[in-house]
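A.B. asks: Just so you know, the sequences run in chain order A and B. Sequence positions in the first sequence follow my numbering and run 122 to 802. Sequence positions in the second sequence follow my numbering and run 122 to 802.
Any given hint might turn out to be false.
It does not matter which identical chain is meant; a pair holds if it fits inside one copy or across any two.
[Claimed, not checked] Here are the simulated lysine to any residue pairs, SDA-like style, with alpha carbons at most 25 Å apart:
#  : residue 1 : residue 2
1  : K131      : T399
2  : K763      : F409
3  : K747      : K790
4  : K769      : A699
5  : K666      : E128
6  : K800      : P729
7  : K640      : Y723
8  : K666      : S796
9  : K763      : E229
10 : K800      : A699
11 : K400      : N149
12 : K763      : P616
13 : K131      : Q355
14 : K747      : G658
15 : K784      : S796
16 : K800      : I786
17 : K769      : E229
Simulated from the structure, these hints should not be mistaken for laboratory data.
2 protein chains.
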Amino acid sequence: MSQQFTEVDKLAISTIRLLSVDQVAAANSGHPGAPLGLAPAAHIIWKQMKLNPSHPEWVNRDRFVLSNGHACALLYSMLHLSGYDLSIEDLKSFRQLGSKCPGHPEYELPGVEVTTGPLGQGISNAVGLAIAQANFAATYNKPDYTLSDSYTFAFLGDGCLQEGVSSEASSLAGHLKLGNLIALYDDNQITIDGDTNVSFTEDVEKRYEAYGWEVLHVANGNEDLAAIAQAISQAKQSKDKPTLIKMTTTIGFGSLQAGTHSVHGAALKPDDVKQLKTKFGFNPDQSFVVPQEVYDLYNTQIIQPGVQQFNEWNQVLEKYSEKYPDLGAEIKRRVAGELPQDWAKALPRYTPQDSAVATRKLSEIVLQNIQSLLPEMIGGSADLTSSNLTRWKEAVDFQPPSSGLGDYAGRYIRYGVREHGMAAIMNGISAFGANYKAYGGTFLNFVSYASGAVRLAALSGHPVIYVATHDSIGLGEDGPTHQPIETLAHFRALPNMQVWRPADGNEVSAAYHVALTNKHTPAIIALSRQNLPQLEGSSVENAVKGGYVLQEVENADITLVSTGSELSITVDAAKKLAESNIKARIVSLPDFHTFDQQSEEYQLAVFPDGVPVMSIEVLATSGWAKYAHESFGLDRFGASGKAPEVYKSLEFTPEGIATRAEKTIAFYKDKQVISPLHKPF
Amino acid sequence: MSQQFTEVDKLAISTIRLLSVDQVAAANSGHPGAPLGLAPAAHIIWKQMKLNPSHPEWVNRDRFVLSNGHACALLYSMLHLSGYDLSIEDLKSFRQLGSKCPGHPEYELPGVEVTTGPLGQGISNAVGLAIAQANFAATYNKPDYTLSDSYTFAFLGDGCLQEGVSSEASSLAGHLKLGNLIALYDDNQITIDGDTNVSFTEDVEKRYEAYGWEVLHVANGNEDLAAIAQAISQAKQSKDKPTLIKMTTTIGFGSLQAGTHSVHGAALKPDDVKQLKTKFGFNPDQSFVVPQEVYDLYNTQIIQPGVQQFNEWNQVLEKYSEKYPDLGAEIKRRVAGELPQDWAKALPRYTPQDSAVATRKLSEIVLQNIQSLLPEMIGGSADLTSSNLTRWKEAVDFQPPSSGLGDYAGRYIRYGVREHGMAAIMNGISAFGANYKAYGGTFLNFVSYASGAVRLAALSGHPVIYVATHDSIGLGEDGPTHQPIETLAHFRALPNMQVWRPADGNEVSAAYHVALTNKHTPAIIALSRQNLPQLEGSSVENAVKGGYVLQEVENADITLVSTGSELSITVDAAKKLAESNIKARIVSLPDFHTFDQQSEEYQLAVFPDGVPVMSIEVLATSGWAKYAHESFGLDRFGASGKAPEVYKSLEFTPEGIATRAEKTIAFYKDKQVISPLHKPF
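My request is simple: use the sequences and hints to build the entire structure.
C.D. replies: Spelled out as structure tokens, the structure:
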């Protein structure tokens, strides 16, 4: 492709630069430097983007990810020009409370593919978007029917490249030979601490070659439009390698402070803005100006062709649906974000007569049962497949066909020992749309390695699932480096996050039921290494409420509430207490978040007034006071040893629980007991 | 160096292999594969290690880090042979509860330099050890007096190389030209998911060359002792580059399952162990056998020379101390792990008449005041120096002298945008000894990126400090991607972790006082971006207790407890309440962990019976119930906007607090109120 650029293109680029600078100036807050350097590349990419601003969810759109999310004024400028629901007035409210142009791009805004800002995430999300596209294309494209051929473009800066999460995702992207991924590295040699020389002197191009990427270089990203276009064209032809285009730019191009870190994160001075406008041929006294010919260019060269491609795509889908009615219906269902009817019937149910099984194994059975019903399910593990039990029997690995190890229609991803990369990639897969349900396995303790991406899943509302096995000291010999303590407290404190810790088979089924049904909330499912019995009183119907009474008793002396592997021990503790004529109700609370959605009436029936509540869980007690008056937990690190011995040494036994229950009853004997659920505000 | 190896060397290597296999077999749990492949390299390294098993803390010892910590049976074998306090009986108790040989190596065991197991950490710690050595040498070595010239050796596997944290640390190590760091990559091509081909096909050697490392290759690490020795010798000569030796080995070398992932994480079958012993010329029916000539070799070639080097080093130190009495005394003080007398007098104190200042700025003043007194202080930032305010005015950067940007005696580290790497490096610096006090800055929200390393700091007891600025929605326009919510709840739930959130200058001084004095507990110091007033009632003496009564009032209706930036708003709320004749006590609780160390009597004086307690903090409420009956917090994500507007919209104002206080008082009016500190068990 050889593209001709006109004076209007240059005018458009100046417009983008100044619109971005004006946003930051109006807010007197933000990052003008990167937009000034990156405007040419943004313009050139946009000119070839498949997009329809009226249908930002179109599954075959090209995706653009701004991994250096602090440059968001640039993205808002692009979305405005290309017809998204973002007016000049919106741009003027940049970084103001309630604005559609917040300080970093947020996923819920049409046209923003992923929330970025925390560095390294966007480029890793882009790997996930590219994986999803490759999978979708390999699954549904047919000879003469190309339903998916979109690209994922990403901008990233030095900061993104320094973050380990991007190293993990980039190494995997090279392994997977994702030719649909094109990343433009804004090589401006400036970070907040000054020149990149102070900390970042590695050879980035060589590193990406080592990962198996195609690496190109544009020497003058500020002005050489033809070179940028040529590099992107070359990248598109690199079908079996992702491409990194190192594009040397000047941060704050045109500003009096160009090339220094002072243009990175603060508004330009008014005089500087004025000289910039004069330099670019604009009226220095006007702001937020878009010449009509720029709107016209975007309309005729970007929006109209995009709408036409969108319409053609819909026609192809209709013809496809005639020839392949089942697949066509499946695509339409997925694009509508609906699960197949009756899928949940495949979730297994258990009775107390069924044998004791580790919940990680019960999770495997769920995945095995539902995988054929849910083609949108795409799972994997961070190199713990045989421990996490995340792979179903017939699974085909998602691998480049040339590897001989699988193909792109495969739905099982070998993430390698890359927890953070995995979680960020899962966010990208989810953000692709088409109802993708991404799950990934690791030990619960190492979900913490992925905290940065897990937080963004919750903030963005990606309904991904972390299959988090080995969820306590119950893992035994591996010891305290592998035994989570603070982990559930951490993620329960994260807004919009389900944290399931099922106690048996029915609860595992319930956890998956809620996690897969939920459209905007991620879920951690914490699973045991050790076998657990199927409990009397458990049911999928109860457990989907997040909490329920497992065993009721009249005139109870105490409510014992527990989760996961401690629930069955608690049941035994209640039996022990009954021998002393102490009546204990038992509540199972597998997920706080889901329980909190239930009616107040229901919640108070689970935790009624008048009965002291004691929680039992071999993890940090923090957070339990929301439901329990007293907590028996583990506010210390664990120990290496056989699991039963570790449990015993820390008194997580029927006796240990019963003793504490008795003390709790005695403590509250002469006191008025109100449910912790009652709150003054 | 050209080393000759004898039959006894081969016997020693077989002994190491079998001792390791026997440990795993006795426990029927553990990882035999890596020790079998790595025993030759371990033996060869040990033969040139400077060590004194009777003085494992000797500051000029060579360090060995087992980054692939699951191979710990190997390390225990080496420590046993080289005379550390680890008997054959101890080896027999491998992975048993209370054993000195836990499932992964733990820092508190003599000879274990850092706790490893969570992958990627050890090699990153090794970078920290190498930084500390370079700094110590540059600070104290004098012509004719070499007090520090030790090496850091590390083993790492494919898993460590896939983890992003190791990428971050390795990139920085290359930048810093750490010639004292020698890493041996166990290229055995096997991970838990099987062949590394499934996920890890990058060119590791090229990647490390891109980082600026010297890269060597040993083709047969199983048997070619001369090649291993030669590579290590060459690595030692690489004075201005760290070295990665890619050593191709066979996992489970000698086992019937050699080269497969089934030898990775499970004991060998009894028959396999027997054939292995026969193959290596040992009696197949005996276990834990060490031929006397192997003990003799370790004694004469490793222990005795090490003790001699230790004695010589002490003589050098004595002579050095005569010539440089101040420096000599300083070294002795540091090696003893003592801070200088009176250092704490440099901590600034404030009165309410002093002006309002952001606590991040107050932190800068502390660092400025104490830096000249504490040569062991070595700080930095993950590319947020100008935001974290972590650099004192006269600071010299820790940089390779050839960069022209600093030197190795510099004590300010430009970590780049590498939070996880920074935290893991800080652990290594701390583990070096010599009383190093490492601190590192980032935004509070991005301490979460470093969770894996922060957890290991707490587990290992490294007294490092995270200078965590921008600690709430008070950061304003950057918005919810940057505003912490769950972060304090997360780290407060982590055992052995101080989490300070000081409210004014005196509390900032107190936070540093406790954090720097503490020898075995890391500290997060959460600091505001926005200005905060100096409070009536605050003092360093009070704040060092972790919590105290800021304003007492008789016959109080309520206790309001708060931290950081909300404390002054709470003071204003109390004034507002006073207008309605409501009496509010005010408690400041800057660090839960430190407060929990105080006497029960003191704690109950702070939170007495009979007065309902309400907490106020613009972060997740989880965890506050330990002290407060009710909590006003933020269990949702924040928003992008001007900080005062964000505060107001979420009602963190005197009015918002007062209204909730009134509701709390009304709620508890007719109820018996006991302090949350009372517990039945």
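A.B. asks: Evaluate K666 and E128 at a C-alpha cut-off of 25 Å and name the case that applies: within, between, both or neither.
C.D. replies: Result: close neither inside a copy nor across copies, 62 Å intra and 68 Å inter.
A.B. asks: Given a CA cutoff of 25 Å, do K763 and E229 count as a within-copy pair, a between-copy pair, both, or neither?
C.D. replies: Close across copies (21 Å), not inside one copy (47 Å); limit 25 Å.
A.B. asks: Checking K769 and A699: alpha-carbon separation at most 25 Å within a copy, between copies, both or neither?
C.D. replies: Only inside one copy: K769 and A699 sit 21 Å apart there, 53 Å across copies, limit 25 Å.
A.B. asks: As a check of your reading, is K800 near A699 (CA-CA no more than 25 Å) within one copy, between copies, both or neither?
C.D. replies: between (32 Å within a copy, 23 Å between copies)
A.B. asks: Since the copies are identical, ignore which copy is meant and state whether K131 and T399 lie within 25 Å (CA to CA) inside a copy, between copies, both or neither.
C.D. replies: within (15 Å within a copy, 78 Å between copies)
A.B. asks: With identical chains treated as interchangeable, where does the CA-CA distance between K131 and Q355 reach 25 Å or less: within a copy, between copies, both, or neither?
C.D. replies: within (22 Å within a copy, 55 Å between copies)
A.B. asks: My question is about K800 and P729: at a cut-off of 25 Å on alpha-carbon distance, are they close within one copy, between copies, both, or neither?
C.D. replies: This pair counts as both: shortest intra-copy Cα distance 14 Å, inter-copy 21 Å.
A.B. asks: Pop the pair K769 and E229 into one bin, within, between, both or neither, using alpha-carbon distances up to 25 Å.
C.D. replies: between (48 Å within a copy, 24 Å between copies)
A.B. asks: Within, between, both or neither: how does the pair K763, F409 come out at a Cα-Cα threshold of 25 Å?
C.D. replies: Cα proximity of K763 and F409: across copies only (21 Å, versus 67 Å in one copy).
A.B. asks: Please work out whether the CA atoms of K640 and Y723 approach to 25 Å or closer within one copy, between two copies, in both situations, or in neither?
C.D. replies: Within one copy only: 24 Å inside a chain, 49 Å across chains, cut-off 25 Å.
A.B. asks: Quick one: K747 to G658, C-alpha cut-off 25 Å, is that within a copy, between copies, both, or neither?
C.D. replies: Intra 24 Å, inter 32 Å, cutoff 25 Å: intra-copy only.
A.B. asks: How would you classify K800 and I786 at a CA-CA limit of 25 Å: within, between, both, or neither?
C.D. replies: Both, since 23 Å and 12 Å are each at most 25 Å.
When held up to the earlier numbered hints, the structure conflicts with hint 5 and nothing else.
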